[in-house]
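Colleague: Here the protein sequences come in this chain order: A and B.
Counting from 96, one number per residue, gives the positions in the first sequence under the working numbering.
Counting from 96, one number per residue, gives the positions in the second sequence under the working numbering.
Treat the hints loosely; a few may be bogus.
When chains are identical, the list treats them as one kind, so a pair holds in a single copy or across two.
Unchecked claim - Straight-line C-alpha distance at most 20 Å; calculated DMTMM-like pairs for lysine to aspartate or glutamate: (1) Lys481 x Glu549; (2) Lys147 x Glu262; (3) Lys449 x Glu409; (4) Lys481 x Glu470; (5) Lys481 x Glu409; (6) Lys461 x Asp218.
Note that these hints are calculated values from the structure, not bench results.
Take a look at the letters that make up each chain.
Number of protein chains: 2
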Amino acid sequence: MTGRVAITPILLCGGSGTRLWPLSRRSYPKQFSALMGEESLFQASVRRVWGKEFARPVVVTGAEFRFIVTQQMAEVGADPAAVILEPSARNTGPAVLAAVMQVAQNDPEAIVLIAPSDHVVRDVQAFHAALTVAVGAAAEGRIVTFGITPDRAETGYGYLEVEGGVEAGVAAPLRRFVEKPDRARAEAMLAEGRFLWNAGIFMARADVLLAAFERHAPGLVGPVRAALEGAQPDLGFLRLAAEPWGEAEEISIDYAVMERAERLSVVPFDGGWSDLGGWETVWREMGPDGQGVAASGAVHAIDCRDTLLRSEAEGQVLIGLGLERMIAVAMPDAVLVAPMDRAQDLRLAVAALKASGARQATEFPKDHRPWGWFESLVLADRFQVKRIHVHPGASLSLQSHHHRAEHWIVVQGTARVTVDAEVRLVSENQSVYIPLGARHRLENPGKLPMVLIEVQTGGYLGEDDIIRYEDGYGRG
Amino acid sequence: MTGRVAITPILLCGGSGTRLWPLSRRSYPKQFSALMGEESLFQASVRRVWGKEFARPVVVTGAEFRFIVTQQMAEVGADPAAVILEPSARNTGPAVLAAVMQVAQNDPEAIVLIAPSDHVVRDVQAFHAALTVAVGAAAEGRIVTFGITPDRAETGYGYLEVEGGVEAGVAAPLRRFVEKPDRARAEAMLAEGRFLWNAGIFMARADVLLAAFERHAPGLVGPVRAALEGAQPDLGFLRLAAEPWGEAEEISIDYAVMERAERLSVVPFDGGWSDLGGWETVWREMGPDGQGVAASGAVHAIDCRDTLLRSEAEGQVLIGLGLERMIAVAMPDAVLVAPMDRAQDLRLAVAALKASGARQATEFPKDHRPWGWFESLVLADRFQVKRIHVHPGASLSLQSHHHRAEHWIVVQGTARVTVDAEVRLVSENQSVYIPLGARHRLENPGKLPMVLIEVQTGGYLGEDDIIRYEDGYGRG
Numbered sequence: 096m097t098g099r100v101a102i103t104p105i106l107l108c109g110g111s112g113t114r115l116w117p118l119s120r121r122s123y124p125k126q127f128s129a130l131m132g133e134e135s136l137f138q139a140s141v142r143r144v145w146g147k148e149f150a151r152p153v154v155v156t157g158a159e160f161r162f163i164v165t166q167q168m169a170e171v172g173a174d175p176a177a178v179i180l181e182p183s184a185r186n187t188g189p190a191v192l193a194a195v196m197q198v199a200q201n202d203p204e205a206i207v208l209i210a211p212s213d214h215v216v217r218d219v220q221a222f223h224a225a226l227t228v229a230v231g232a233a234a235e236g237r238i239v240t241f242g243i244t245p246d247r248a249e250t251g252y253g254y255l256e257v258e259g260g261v262e263a264g265v266a267a268p269l270r271r272f273v274e275k276p277d278r279a280r281a282e283a284m285l286a287e288g289r290f291l292w293n294a295g296i297f298m299a300r301a302d303v304l305l306a307a308f309e310r311h312a313p314g315l316v317g318p319v320r321a322a323l324e325g326a327q328p329d330l331g332f333l334r335l336a337a338e339p340w341g342e343a344e345e346i347s348i349d350y351a352v353m354e355r356a357e358r359l360s361v362v363p364f365d366g367g368w369s370d371l372g373g374w375e376t377v378w379r380e381m382g383p384d385g386q387g388v389a390a391s392g393a394v395h396a397i398d399c400r401d402t403l404l405r406s407e408a409e410g411q412v413l414i415g416l417g418l419e420r421m422i423a424v425a426m427p428d429a430v431l432v433a434p435m436d437r438a439q440d441l442r443l444a445v446a447a448l449k450a451s452g453a454r455q456a457t458e459f460p461k462d463h464r465p466w467g468w469f470e471s472l473v474l475a476d477r478f479q480v481k482r483i484h485v486h487p488g489a490s491l492s493l494q495s496h497h498h499r500a501e502h503w504i505v506v507q508g509t510a511r512v513t514v515d516a517e518v519r520l521v522s523e524n525q526s527v528y529i530p531l532g533a534r535h536r537l538e539n540p541g542k543l544p545m546v547l548i549e550v551q552t553g554g555y556l557g558e559d560d561i562i563r564y565e566d567g568y569g570r571g
Numbered sequence: 096m097t098g099r100v101a102i103t104p105i106l107l108c109g110g111s112g113t114r115l116w117p118l119s120r121r122s123y124p125k126q127f128s129a130l131m132g133e134e135s136l137f138q139a140s141v142r143r144v145w146g147k148e149f150a151r152p153v154v155v156t157g158a159e160f161r162f163i164v165t166q167q168m169a170e171v172g173a174d175p176a177a178v179i180l181e182p183s184a185r186n187t188g189p190a191v192l193a194a195v196m197q198v199a200q201n202d203p204e205a206i207v208l209i210a211p212s213d214h215v216v217r218d219v220q221a222f223h224a225a226l227t228v229a230v231g232a233a234a235e236g237r238i239v240t241f242g243i244t245p246d247r248a249e250t251g252y253g254y255l256e257v258e259g260g261v262e263a264g265v266a267a268p269l270r271r272f273v274e275k276p277d278r279a280r281a282e283a284m285l286a287e288g289r290f291l292w293n294a295g296i297f298m299a300r301a302d303v304l305l306a307a308f309e310r311h312a313p314g315l316v317g318p319v320r321a322a323l324e325g326a327q328p329d330l331g332f333l334r335l336a337a338e339p340w341g342e343a344e345e346i347s348i349d350y351a352v353m354e355r356a357e358r359l360s361v362v363p364f365d366g367g368w369s370d371l372g373g374w375e376t377v378w379r380e381m382g383p384d385g386q387g388v389a390a391s392g393a394v395h396a397i398d399c400r401d402t403l404l405r406s407e408a409e410g411q412v413l414i415g416l417g418l419e420r421m422i423a424v425a426m427p428d429a430v431l432v433a434p435m436d437r438a439q440d441l442r443l444a445v446a447a448l449k450a451s452g453a454r455q456a457t458e459f460p461k462d463h464r465p466w467g468w469f470e471s472l473v474l475a476d477r478f479q480v481k482r483i484h485v486h487p488g489a490s491l492s493l494q495s496h497h498h499r500a501e502h503w504i505v506v507q508g509t510a511r512v513t514v515d516a517e518v519r520l521v522s523e524n525q526s527v528y529i530p531l532g533a534r535h536r537l538e539n540p541g542k543l544p545m546v547l548i549e550v551q552t553g554g555y556l557g558e559d560d561i562i563r564y565e566d567g568y569g570r571g
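With the rest of the complex left out, here is chain A (with noise of 0.2 Å):
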């Protein structure tokens, strides 16, 4: 693209969809995962609007989520100019306004992109050409929506109809926004010729945003303005206000504004876009093979056809025999098994998990923390084994714990160790003891991840068994 307009693109991610569990869970939604090839969703959609033509961006996303985001965001060499915390999920409508009003605090005429997080895009260039396109048309005060060429009578996207005709490389005027529609209608509408696939990624001015705002959701703007304007900066992030922000209306940027608003215009976009939206959506994106099979990690396909086989547990091989439109999903903690055509009905098998207190509803293996993460390797009646993976230079609080001893060998870098009085470096293949009761903290000094293996004995191994003393991450 040629760039005389720097373009701020406002991410949102604070999605939490279950549609793809056991990958995505509330604690770790998809856009965090590397649904796709090396990177996750979310450090993919940072890099499709990181470079020259752009300003930095400003993330929209829920406070559970905030150092996944910027560690993410480190990873791929990329530094948001705001990362906006949302007290609680209220839909996408509220959260592009608060992102809005942030930008335009520093230049109202600021030309915004507002683009979901877990979607994929697989020509990049194609994307930027499109950007350029839109950007002549929000320059000039219009609120411009990107429409992908449909390439099946797909049912679980909302349409763009075209006014005239649909033109590559051309904004033209947007007629109207269409439902998810049934089969026949998707039918209709793919022969037709004038529909496209809303994408729900928008581009404007932020002023001509914050006017379609003002006379389309006039409730939100008091409360969100409110929570913006009492917002706490807490180590980088900028945490919305708890209580305006919860007076504003639980609505999506679509019926909010969108469906209402005048003077849109559609830009046509044939990229190679996905909102990876179901298990189904992912098989195909994957590129499945002559017979149809999508395989990911350590699988064996045997007289499959049309199969999702995906292995994410580390050791462990997936075999799937005479399958025909299954998806087999395994994870360290949990194995889904469905027809594809019972995908939608995931939040069932959620549902089930979560009426049985089991963390896997939830919860995912790995634990995230700011300064690193762990997962559980064993956990028996008086004993637990974690692998704990330290980010260089990140450090866990100081503190102790009532019914538990812990024994840390470190498998990989160099750890420096408190207990009590005493501090001293740990290197590869040492270990330390930390006595039941005893003022510890773990840090990682070095410049490489440090990894190392903790075996906990005890009569009680919870994880709110903690006393914390000190924490660089303001955590009580």
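Keeping the supplied structure of chain A fixed, place chain B upon it in accordance with the hints.
Modeller: Using the frame of chain A, we list chain B on its own:
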């Protein structure tokens, strides 16, 4: 049973089928697994023939299973008369002959009961009643087979045709053996009523069986007798001489003798027998619920019908959603998903794994050793974490490693640890460091199992990096 005559059981447990992979593997076949309930199929088989009516059993197994056999027998409080070790698997003909020769040495007229140890019998009383009926016929010099009243037109079993008709509690003459039939033939036999399933269980006097072998399989007699005469007592096992043993034809007892012998009787037996010959049979025997769902372990079945779900992987929940006639089995190192009707083709899956060099094809995740077992919790590039379980009184070899150091943390019980010249007791929540190259030994001097977590670090972590200086189990 009344039992004026003691029966000498001969338990065959050398089998290593893959039809129940991933639960049954070459290194730990199904007879040693707790497929139904708490105890293994072998343990249930032992307990069925343990008591005052029986002499101590003779067990025939592969050398690689010898410590599993003694450990599992000790766990149910049983004690073998002999454990005969086959240098190689030659099918059941040579195995039965060796055991019968061994029994006949002491008592040529002993009545032997030959039974597999990987079958299920739900009604042990009915089994004993059938044995009582059989003893009379066997004492008179007949070879008695046991015929199961069929409850379906099964094509997976051979049949026994009874002369005249089937009458409960009566040993009737056997007309002939019928090979596994096709569907139409199976249905016809089910309707006719004088056909029973061949359970592969036989009873006869030892001298009668020896005469039958000499007459119908004379080629087996020489090699098997030589193998028995050259057998080496080895830590309480009777290890057959490999060279003559290898000359014995690989043939089943049915083909070698039974189908050719005269004076055969059938005792009908209606006690919930199954050979657990495949996952569909296991599903049926597990007692499916009203929807036909059989489940074990941490499993949720949602909208499933006629489906088997088993999770044997600690901490991993298995979710079946909308499945029909499917099998899903999760083990710590392997997950199988297949339609029930494809379960026969499991050998394809095992072959694919073998071709890819995956240890899961043949090795069980818990590695059973004479002293207990271990499993790998995580295997990374330069470290590995294992859980090690040592039986009371057991001892590992005095050993050293060239490429790894080890940290041991005792999490249950008490260990006696030797490191070079030093010997000390290590109790729960204590740790020991084994430097690279140090001569070390691990023992459990206590009365309870001892469990420790081993963290290995080093550039090479293979099981073959071991030098053994002393070993209580005759290993080099």
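Colleague: Against each hint, give a clear statement of whether it holds in the structure.
Modeller: So, going through the hints one by one against the coordinates:
1. Lys481 x Glu549: both (5 Å within a copy, 13 Å between copies)
2. Lys147 x Glu262: neither (28 Å within a copy, 92 Å between copies)
3. Lys449 x Glu409: between (25 Å within a copy, 19 Å between copies)
4. Lys481 x Glu470: Cα proximity of Lys481 and Glu470: in one copy and across copies (6 Å, 16 Å).
5. Lys481 x Glu409: Result: close both inside a copy and across copies, 15 Å intra and 14 Å inter.
6. Lys461 x Asp218: Neither. Shortest intra-copy (31 Å) and inter-copy (47 Å) distances fail the 20 Å Cα cut-off.
Taken one by one, the earlier hints fail for this structure at numbers 2, 6, listed in ascending order.
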